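Given next are the chains, with one letter for each unit.
There are 2 protein chains.
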Amino acid sequence: MVSCLLAAGEGRRGAEQTAEVLLAADLGGIDSHGCARLRRYVEGLASGAIAAEAAIETVSATPATAALDANNGLGAPAAIEATEVAVAKAGAVGVGVVSVRRSNHFGIAGYYASRAARKGMIGLVLSNASPQVSPVFGAEPMFGTNPLAIGMPTGEGDGFLLDMATSTVGRGKLEVRQRRAEPIPEGWVIDASGAPRVDVEELIDGLKARRGYSLLPLGGSSEEFGAHKGYGLGLFADLVCGPLAGAAWGRHVYGPAGADLGHLIVAIQVEAFRDRAEFEAECRQMFAELRAARRAAGADRIFIPGEKEVEERERRLSDGIPLTEAVSADLAALAEQCGVPAPELR
Amino acid sequence: MVSCLLAAGEGRRGAEQTAEVLLAADLGGIDSHGCARLRRYVEGLASGAIAAEAAIETVSATPATAALDANNGLGAPAAIEATEVAVAKAGAVGVGVVSVRRSNHFGIAGYYASRAARKGMIGLVLSNASPQVSPVFGAEPMFGTNPLAIGMPTGEGDGFLLDMATSTVGRGKLEVRQRRAEPIPEGWVIDASGAPRVDVEELIDGLKARRGYSLLPLGGSSEEFGAHKGYGLGLFADLVCGPLAGAAWGRHVYGPAGADLGHLIVAIQVEAFRDRAEFEAECRQMFAELRAARRAAGADRIFIPGEKEVEERERRLSDGIPLTEAVSADLAALAEQCGVPAPELR
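Protein chains in written order, with the numbering used here: chain V, 1 to 346; chain C, 1001 to 1346.
Calculated from the structure, these hints are not laboratory results.
Some clues are possibly wrong.
[What the hints assert, rightly or not] Cβ-Cβ distance ranges computed for the label pairs, FRET-style: (1) C:Ala1292 with V:Ala49: 24 to 32 Å; (2) C:Ala1292 with V:Pro196: 20 to 28 Å; (3) C:Lys1308 with V:Val59: 31 to 39 Å; (4) C:Asn1071 with V:Asp275: 37 to 45 Å.
Here the structure is a predicted model, which is why all the values come from computation and not from measurement.
Idealized CB from N, CA, C, for every residue including glycine.
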């Protein structure tokens, strides 16, 4: 991954940081956001749609905040820099909030939340994304699947990690069902009349090509099950990553002038509120009680957010990362295209 | 409301602040959190379960944070103080995060988010609550409906306001359906085997009496529609309001030693990132585009979060707040019990 990014013009640091974020996704089992996305980044750099070796500039700052401009560079280096600045500010004054404008896709939001958590901070990460989600009562993609990730140190494994799209599902979940030849349920996608659709092949292509399909906010299509909540969370992410950060928003993200994505990263110092060991001990006690709660008939386990990813990473670190044939072939083709040695895939 | 709270021993300032928060709920149409709750507060003060005229103490502070102890006083005065401190810190260093421990029910979370927004800040408010919600794959109430509210100044009406329980619904929604003699849908409540239940009378009583029923996280009972997301958001609120703030958490909230609720209030200064007028103009443009989006068949309007409450407040400020006969009678009885003049209700 690093060699391909270097071949496309990115500097070593940005290439390594980007590869680290992609690898974190592959290790955690989030295959939609791992090396399968490398081509998009490499081709973006090669075509100039993404600026190589972009300088990350500080637009403004206060003791607890900073506004960064990624100058249309890769998202991962900009978001890593934003996380580091937020963590440093939180270390100094208790909290740090850092925005990024003019950025690109930054991979999994959870990477940055975990990075803050590993440094003893509560991390909250938001981004906007290409428009695919309809407002409640609407039937048109007006904003992105805008991810929200929260990480927390708990003295146990990798801590608490919630990494979620604010839509019911992201497009990646449709692709997983397609690969497994499984149907998708009503309540994931609607067409331009607001009617539910389940023909997954058409929907995957049609969402990409903006043929009028929309994903639904978390909570679905009606207020009865809380769709206004997922809608509100998605707009919150868009408002702070767009108008507040000074990036594009809503259906203007990935417009003719480029992605112009925005991110917002918050770091909160645990010790500003509570002795860290006491905090972590109570978190672990909470998780132990949740795991021991009465289970629904037929359920065999209650999970803590982030636990599945941690276990998957342990498995993959030991057994390797399974790639589909399509991804393996694409990585080999991309390596050849970039003039770098083909990856040794087994 | 003020007279009753004074009669129960609260000081004038705490009584007026509490009444203001209850009134804001009644005006916004959130009847479950308005004057209908006055009895609970008055009886709590009278019995000593809630401490009257409790001093709000600062346990620790940094330039951007403070940890407060409400000393078991009413929730509203403590949360108003926390909001004011968060806003002042955000004004000084860009962000303020203030926790509250040993608190009680604070009314609608949206009140505090709106209060921060009226002062030009982005407000984020979290609280934990009495245990009523089951983890995903569980069948036991292990944490509360833990509200999350977000307010933002937009130069338009009262701005953006999202005020949501992190469960699919709170108990108040069951009570509204009961009053209207309407059925509740499968997907709101489960019994101790994890099976969906819809017998609303039994469920309202049974949830209060902790007879083994649980509300479900936003997203429902399966990961297919994102229940792990609502579950994660509910735990996030519990982790920062419990272990971080130093309050009770999970099923220990409202335990034998008292409520010991926790809150967390975040204020972010808009101008630290963006010119305020530019920010607000873009927010308004986003809302205009959302309102004009293509609508689903049969839908006649797309809403912005908070808009319904603002319109309801305008209606009620002009036409009055409709009270059910049960609430009117209870307020009259409470006034008599407190030895204060009966309210003049029409």
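Hint check results:
1. C:Ala1292 with V:Ala49: 24 to 32 Å: Holds - the Cβ-Cβ distance for Ala1292 (chain C) and Ala49 (chain V), about 29 Å, lies within 24 to 32 Å.
2. C:Ala1292 with V:Pro196: 20 to 28 Å: With a Cβ separation near 23 Å, Ala1292 (chain C) and Pro196 (chain V) satisfy 20 to 28 Å, so the hint holds.
3. C:Lys1308 with V:Val59: 31 to 39 Å: About 36 Å separates the Cβ atoms of Lys1308 (chain C) and Val59 (chain V), which means 31 to 39 Å holds.
4. C:Asn1071 with V:Asp275: 37 to 45 Å: Once the Cβ atoms are compared, 20 Å apart, the range 37 to 45 Å for Asp275 (chain V) and Asn1071 (chain C) is violated.
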